[in-house]
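Let's have the full structure, built from the sequences with the hints guiding it.
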Amino acid sequence: MGSGDAGMALHDEEQRQLAEIERKLAEDDPQLAQKLTRLRPFGTPRAGLALLTMFASFVLGLAIVAIGAEVGSFVLGIIGIVLAVGLPTVLIWRLWLRRLR
Numbered sequence: 001m002g003s004g005d006a007g008m009a010l011h012d013e014e015q016r017q018l019a020e021i022e023r024k025l026a027e028d029d030p031q032l033a034q035k036l037t038r039l040r041p042f043g044t045p046r047a048g049l050a051l052l053t054m055f056a057s058f059v060l061g062l063a064i065v066a067i068g069a070e071v072g073s074f075v076l077g078i079i080g081i082v083l084a085v086g087l088p089t090v091l092i093w094r095l096w097l098r099r100l101r
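In my numbering, the protein residues as written are 1 to 101.
Misleading hints may appear alongside valid ones.
What follows is a set of in silico ranges between Cβ atoms, one per label pair, in the way DEER data are often shown [claimed, not checked]: (1) I81 to K24: 46 to 54 Å; (2) R16 to L49: 36 to 44 Å; (3) L52 to I81: 19 to 27 Å.
FYI, nobody ran anything at the bench for these hints, they're computed from the structure. Yeah, the Cβ is synthetic: ideal placement off N, Cα and C, and Gly gets one too.
So this is what it looks like as structure tokens:
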């Protein structure tokens, strides 16, 4: 888990205590310790790209809904709703599931 990864500098005693906690966790629950070492922060480039994709999908979906309403097309309205709501929801779900692994 690497106590050296901390954002703030820890005193020697705090580093020793943290290392001891990590060691005990690894002994008590190796699976949990393994999962914790693999967790990535949300601030990864993949998350940023997903956020940009969700925003673009939402804006494009709203535009298609507006165009569909203007021309009276039910099909365009449905496509717009799927783009504005469905795609961002699927992306959020996938990001959440990936974070849990």
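Check each numbered hint from earlier against the structure, then list the numbers of those it violates in ascending order. none
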